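Enquirer: So you can see what is in the structure, the chains are spelled out below.
Protein chains: 2
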Amino acid sequence: MPNPTAAMLVIGDEILSGRTRDANMYFLAGELTKQGITLAEVRVVGDESDDIISAVRALSKRYDTVFTSGGIGPTHDDITADCIAAAFDRHIDVRDDARALLAAHYENTGSELNEARLRMARIPDGAGLIENPVSVAPGFTVDNVHVMAGVPSVFQAMVASVLPNLTGGAPLLSQSLRIDHGEGDIAGPLAALARKYDDLSIGSYPFQKNGAYGSNIVIRGTDGSRIDAAMTQLAGMFP
Amino acid sequence: MPNPTAAMLVIGDEILSGRTRDANMYFLAGELTKQGITLAEVRVVGDESDDIISAVRALSKRYDTVFTSGGIGPTHDDITADCIAAAFDRHIDVRDDARALLAAHYENTGSELNEARLRMARIPDGAGLIENPVSVAPGFTVDNVHVMAGVPSVFQAMVASVLPNLTGGAPLLSQSLRIDHGEGDIAGPLAALARKYDDLSIGSYPFQKNGAYGSNIVIRGTDGSRIDAAMTQLAGMFP
Numbered sequence: 001m002p003n004p005t006a007a008m009l010v011i012g013d014e015i016l017s018g019r020t021r022d023a024n025m026y027f028l029a030g031e032l033t034k035q036g037i038t039l040a041e042v043r044v045v046g047d048e049s050d051d052i053i054s055a056v057r058a059l060s061k062r063y064d065t066v067f068t069s070g071g072i073g074p075t076h077d078d079i080t081a082d083c084i085a086a087a088f089d090r091h092i093d094v095r096d097d098a099r100a101l102l103a104a105h106y107e108n109t110g111s112e113l114n115e116a117r118l119r120m121a122r123i124p125d126g127a128g129l130i131e132n133p134v135s136v137a138p139g140f141t142v143d144n145v146h147v148m149a150g151v152p153s154v155f156q157a158m159v160a161s162v163l164p165n166l167t168g169g170a171p172l173l174s175q176s177l178r179i180d181h182g183e184g185d186i187a188g189p190l191a192a193l194a195r196k197y198d199d200l201s202i203g204s205y206p207f208q209k210n211g212a213y214g215s216n217i218v219i220r221g222t223d224g225s226r227i228d229a230a231m232t233q234l235a236g237m238f239p
Numbered sequence: 001m002p003n004p005t006a007a008m009l010v011i012g013d014e015i016l017s018g019r020t021r022d023a024n025m026y027f028l029a030g031e032l033t034k035q036g037i038t039l040a041e042v043r044v045v046g047d048e049s050d051d052i053i054s055a056v057r058a059l060s061k062r063y064d065t066v067f068t069s070g071g072i073g074p075t076h077d078d079i080t081a082d083c084i085a086a087a088f089d090r091h092i093d094v095r096d097d098a099r100a101l102l103a104a105h106y107e108n109t110g111s112e113l114n115e116a117r118l119r120m121a122r123i124p125d126g127a128g129l130i131e132n133p134v135s136v137a138p139g140f141t142v143d144n145v146h147v148m149a150g151v152p153s154v155f156q157a158m159v160a161s162v163l164p165n166l167t168g169g170a171p172l173l174s175q176s177l178r179i180d181h182g183e184g185d186i187a188g189p190l191a192a193l194a195r196k197y198d199d200l201s202i203g204s205y206p207f208q209k210n211g212a213y214g215s216n217i218v219i220r221g222t223d224g225s226r227i228d229a230a231m232t233q234l235a236g237m238f239p
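Line by line, the protein sequences give chains A and B.
Heads up, the first sequence is in our numbering, so the first residue is 1 and it goes up one at a time.
Heads up, the second sequence is in our numbering, so the first residue is 1 and it goes up one at a time.
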């Protein structure tokens, strides 16, 4: 059976304007691979309701699981929760369980649970809450979409809350070999190897170092013994 | 008149598996912002023909310009050129102008222009070539889609070749101010400011440092005097 699939939706003008370099995609990609879930697509959109809603609908329909990052804070540009509700035609308002989490937290820290902070307790009807051990304000899950914060430390903590509840497949294993020949020299034999081991994914990632060309060949798959066999043959090709 | 729009399509299994951290999106985002072109969407897909073709069609239709990165090398997993041809119903084969570039280069370097390397001269009919001062094998432009390499040094050189030919808009200017209050405390006044300056984009990017909460407020727009005015008012709000 093929591994379950996932998509990620990164939400935020700051990524698209080049102000912020996204760190969450790389983190999530690595975590999903370890868990045996295939990250099949990522989209990045700005803080625009229509764009967020249509991306959520498209990805939710096509993939087993969707992860979003960004746009669930207390400020006016945080519109993700309302967009998720709209995407699934759910009602959204401040919910008692989320409000209770925030109330306890702000009582402890001596801050006021004002109108802006209460925005973070707006949760679509029927959604499950995602624990946020870093800054308390929860993420949430609607249908197959997990809605999480953009701040990397919070995003990572929320991923850790969600992942154990997902059904993974066989973890994707990989081995790599550095070959000190240009891609143009190795491409022919490599294509033959890829045809022979068509249950594996064989990728070539070229580099140039001190004027010399080379490539890192990465062989990926779920069957370690097949990867071993292909790797042995590859090593013999370019001694 | 609103600024022209752009999208980016990142192609490669290595990004989605978490093996490689993409660097090209962040670079392109910054370059386009300087040029007054709004990067409105990014998608990342794997080395799958159907996914590449449908993403190229969707993005090309919706945005003024599309940039792709990845998948134009000589190995079997480099399928981007064929997918672009398919997306635009163009014929593709080795083209004389591209072959001549490669032939001269490999004659100089003493390498053979073999079948694999010739794959890099496969260019869709009617496409313009994009100069590659780093490793010669060209990118190309079909319709409004610029097809470029994934290796960051080559990608950046190709972007430099393409950008001067694009019509930019007013460069997006921005100023930012660090405010040492939690987002929950500043969200109300900030929303009022955003309503007053609705021609500007006002974003709030929270951080936590040594246990204290704060936020960087970024005000973006194309009219510097309006940004100055909003920034002055912002600074007065949280002395």
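Note that these hints are calculated values from the structure, not bench results.
Predicted model, so just to flag it, every value in this text is computed and none were measured.
Incorrect hints may have been included.
A short, non-exhaustive set of chain B residues, derived as facing chain A with CB atoms under 8 Å [what the hints assert, rightly or not]: (1) 4; (2) 5; (3) 26; (4) 35; (5) 36; (6) 39.
Calculated from the model, a selection of chain A residues having no Cβ within reach of chain B, i.e. all distances over 10 Å [as the list claims (entries may be wrong)]: (7) 103; (8) 153; (9) 162; (10) 201.
Just so you know, even glycine gets a beta-carbon here, dropped at the ideal spot from N, CA and C.
Enquirer: For every hint, state whether the structure bears it out.
Expert: Tested hints:
1. 4: Violated - the Cβ of residue 4 of chain B stays beyond 8 Å from chain A, reaching only about 14 Å at its closest.
2. 5: Violated. Min distance 11 Å.
3. 26: holds (4 Å)
4. 35: Hint violated; residue 35 of chain B Cβ to chain A Cβ min 11 Å, cut 8 Å.
5. 36: For residue 36 of chain B, the interface hint is violated, since the closest Cβ of chain A sits about 12 Å away, which is over 8 Å.
6. 39: holds (5 Å)
7. 103: Correct as stated: the minimum Cβ-Cβ distance to chain B is 13 Å, above 10 Å.
8. 153: Non-interface label on residue 153 of chain A violated, nearest chain B Cβ at 8 Å vs cutoff 10 Å.
9. 162: holds (17 Å)
10. 201: The claim breaks: residue 201 of chain A does not keep its Cβ more than 10 Å from every Cβ of chain B (closest is about 6 Å).
When the structure is compared with the earlier hints, violations turn up for hints 1, 2, 4, 5, 8 and 10 and for no others.
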